[in-house]
Amino acid sequence: MTYTGERIERTLLFGKRKRKNDPYAYHKSAKTPWGNPIVYILSLLLVLICVVPVLYIILGGFRTNSQITRDPAGMPNPWNFGNYATVVSSSTFWVELVNSLIVSVGTMVGVVVLALMVSFVIARYRFRFSRMLYTLFSAGMMFPITVAITPLYLLLRNLHLINSQLGIILPQIAFGLPQAIIILVPFLQSIPMELEEAAQLDGCSRLGFFARMVLPLSGPGVATIAILSFVASWNAYMLPLFLLNDSTKYTLPLGVQMFSSQHSVDTAQVLAFTSLSMIPALICFTIFQKKIVGGLAGAVKG
Amino acid sequence: MSVATSMRAKRAGRSHSDKFRQRFEMGVLSVPALIMFVGFVILPVFMAAYYGFYKWKGFGKPNVNGQFVGLDNYRIILTDPNFQQALGHTLFIAVMSLIIQGPLAILFALLLNQKFKGRGLIRTLIFVPYVVSEVIIGTGWSLMLQPNGAVNAVMKNLGLKGVDWIANPKIAIWTLMFIISWKYIGFAVILMIAGMQAIPEELYEAARVDGAGFWRQQWSITLPLLAPTIRMWAFMSIIGSLQLFDLVYIIWGQYVSSTAGTSTMATYMVREGRLANNYGYGSAVAVVIFIISLVIALLYQRFVLNRDLAGAVEKRERKQLERRMKKREREQMGHDEIENAIAPKNASMEVALS
Chain A
1 MTYTGERIER
11 TLLFGKRKRK
21 NDPYAYHKSA
31 KTPWGNPIVY
41 ILSLLLVLIC
51 VVPVLYIILG
61 GFRTNSQITR
71 DPAGMPNPWN
81 FGNYATVVSS
91 STFWVELVNS
101 LIVSVGTMVG
111 VVVLALMVSF
121 VIARYRFRFS
131 RMLYTLFSAG
141 MMFPITVAIT
151 PLYLLLRNLH
161 LINSQLGIIL
171 PQIAFGLPQA
181 IIILVPFLQS
191 IPMELEEAAQ
201 LDGCSRLGFF
211 ARMVLPLSGP
221 GVATIAILSF
231 VASWNAYMLP
241 LFLLNDSTKY
251 TLPLGVQMFS
261 SQHSVDTAQV
271 LAFTSLSMIP
281 ALICFTIFQK
291 KIVGGLAGAV
301 KG
Chain B
1 MSVATSMRAK
11 RAGRSHSDKF
21 RQRFEMGVLS
31 VPALIMFVGF
41 VILPVFMAAY
51 YGFYKWKGFG
61 KPNVNGQFVG
71 LDNYRIILTD
81 PNFQQALGHT
91 LFIAVMSLII
101 QGPLAILFAL
111 LLNQKFKGRG
121 LIRTLIFVPY
131 VVSEVIIGTG
141 WSLMLQPNGA
151 VNAVMKNLGL
161 KGVDWIANPK
171 IAIWTLMFII
181 SWKYIGFAVI
191 LMIAGMQAIP
201 EELYEAARVD
211 GAGFWRQQWS
221 ITLPLLAPTI
231 RMWAFMSIIG
241 SLQLFDLVYI
251 IWGQYVSSTA
261 GTSTMATYMV
271 REGRLANNYG
281 YGSAVAVVIF
291 IISLVIALLY
301 QRFVLNRDLA
311 GAVEKRERKQ
321 LERRMKKRER
331 EQMGHDEIEN
341 AIAPKNASME
351 VALS
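Protein chains in written order, with full-length UniProt numbering: chain A, 1 to 302; chain B, 1 to 354.
Note that these hints are calculated values from the structure, not bench results.
Fair warning: there could be bad hints in the mix.
[What the hints assert, rightly or not] Chain A is faced by these chain B residues, among others (derived, beta-carbon under 8 angstroms):
hint : residue
1    : 36
2    : 168
3    : 243
4    : 295
Predicted model only: the values in this text are computed from it and were never measured.
Virtual Cβ for every residue (Gly too), placed ideally from N, Cα, C.
I would like the entire structure built from these sequences, with the hints used as guidance.
Structure representation (structure tokens):
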């Protein structure tokens with residue numbers, strides 16, 4: 001059906017009056033339209049509610065303590081960069097940043113590799129075993145880390161993994177797997193069977209097919225689970241709280257909490273430390289935001 | 001044997017060596033994840049069940065250094081008024097999260113599903129609270145909500161009297177509800193948007209032909225077809241609420257949370273188990289949390305999610321839609337040029353519905 005045909009049909013059916021609600025009116029136009037002013041006002045309000053508290057933390061870091069006491073809700077006047085400078089020049093922040101990076105990247109790589117392998121089995125092998133695997137892992141959504149934390153702590157203590165990054169990475173991978181598998185399986189299932197047969201005809205084994213076709217084709221799903229597991233690990237609080245008591249091993253969330261209880265009188269400094277520690281997760285998310293929505297959409301449909 | 005015949009043989013029935021090979025591959029691919037999952041997720045839950053029968057300080061082995069107390073730990077938990085309060089708060093949070101976040105998330109998703117400039121940016125920005133960690137959110141809000149903090153300062157400027165948002169037991173739980181909704185609604189909105197984008201555009205066209213206005217379309221098309229997404233979100237929200245720990249622990253701390261009326265099952269567990277060094281008792285609390293979560297999850301799956309699996313709702317919805325389609329078709333008989341344009345659309349509609 002052609003565009004003009006659609007136009008004529010729509011005009012006949014709806015008349016000009018209905019155009020406002022009609023997405024087809026814009027469908028093929030190159031530019032996105034300016035929307036209804038009410039839509040803008042409401043969206044702006046929504047965004048303000050979501051962003052202002054975060055902005056308060058960031059801007060608060062640019063104020064002095066006396067400014068904050070005098071007017072808790074004011075803007076920085078004058079702007080003071082001392083707090084951020086102090087935090088950035090302290091070794092505490094960088095040590096914790098590196099710890100967080102090690103833990104998050106380790107978790108992310110582990111989740112992606114293991115989840116891809118299992119999801120491939122679940123999605124591409126027709127066996128009762130693969131159905132069972134899927135049930136087992138999706139039941140894992142009901143085993144959040146909170147329930148297992150006490151025995152997990154004891155288990156890791158017996159394995160001598162207390163105060164070690166590996167002790168945080170391994171359980172985080174295990175608890176990240178269910179969500180990752182639920183998101184990945186629909187992606188892998190959508191790779192057409194014909195492709196696999198064609199690869200087989202060309203003398204490619206199943207594992208070769210996995211390496212050469214599945215990995216490149218499941219890109220968006222992999223990106224989604226990579227970002228979700230990175231951000232989850234970056235923000236994790238409970239497991240590090242239980243496992244780490246050596247302050248040189250602290251990850252940033254634990255560091256933020258310690259910093260804020262140690263410097264409870266120095267509010268501005270706490271705010272600066274806090275806002276610096278959220279930057280990596282924010283950047284990571286902003287860059288890949290579209291992919292995450294797409295990945296979640298796939299999971300919802302599946 | 002040529003490649004083609006071997007392919008045919010594979011399809012007809014796999015040979016023994018092939019089956020073995022396939023099993024080997026499946027093993028190689030799934031065993032590492034299985035070991036991790038069983039070792040760090042399933043095993044601890046069973047360990048908790050075992051430790052829960054002991055009075056044990058966490059040194060050595062429970063059956064050597066601890067004392068077997070049978071179901072005593074569970075009796076103490078269930079009769080402890082502190083736990084009952086924590087359970088009450090947790091259930092309150094779970095229910096209120098659904099009531100507050102659900103309708104708001106759907107409305108926000110409707111808003112952000114409109115086509116307008118800057119939509120992508122706005123979608124990213126409303127996700128910010130979800131991406132920022134609980135620790136940061138908690139630290140930030142607890143500073144803002146101090147009696148002499150930013151929120152009360154703004155209220156004073158507006159001529160309102162400030163309140164003690166955190167310590168006042170009448171207000172604290174609502175403060176917590178507000179922060180939870182603020183933090184997690186972005187996730188709900190994104191899920192709803194994803195669900196809405198999966199609804200075929202043709203349905204809205206059909207409704208417009210029938211003369212349905214914007215709200216009528218949302219009520220009769222978006223809401224029923226979004227139901228699977230809503231049910232899935234509600235499930236995740238309930239499970240999340242039952243495990244709530246970080247925010248409460250950071251803003252209220254272990255002691256204030258029970259006097260301010262915001263303690264949850266998880267903060268109770270950490271306070272009585274880990275911090276009091278009663279690992280047997282703490283494990284028993286974990287088991288109770290697990291059983292409560294499991295029962296709620298199973299009930300939910302049995303009575304709510306099951307409808308998705310059975311497809312009962314979808315079937316009914318589909319029938320209604322098909323009836324509407326037919327009605328529309330009948331009305332349009334005679335309009336030759338229109339019918340020609342519509343016919344292919346009906347075909348695609350059937351594909352979308354099946």
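Handout entry: Non-conforming hints, listed in increasing numerical order
Key = Failing hints, ascending: 2, 4.
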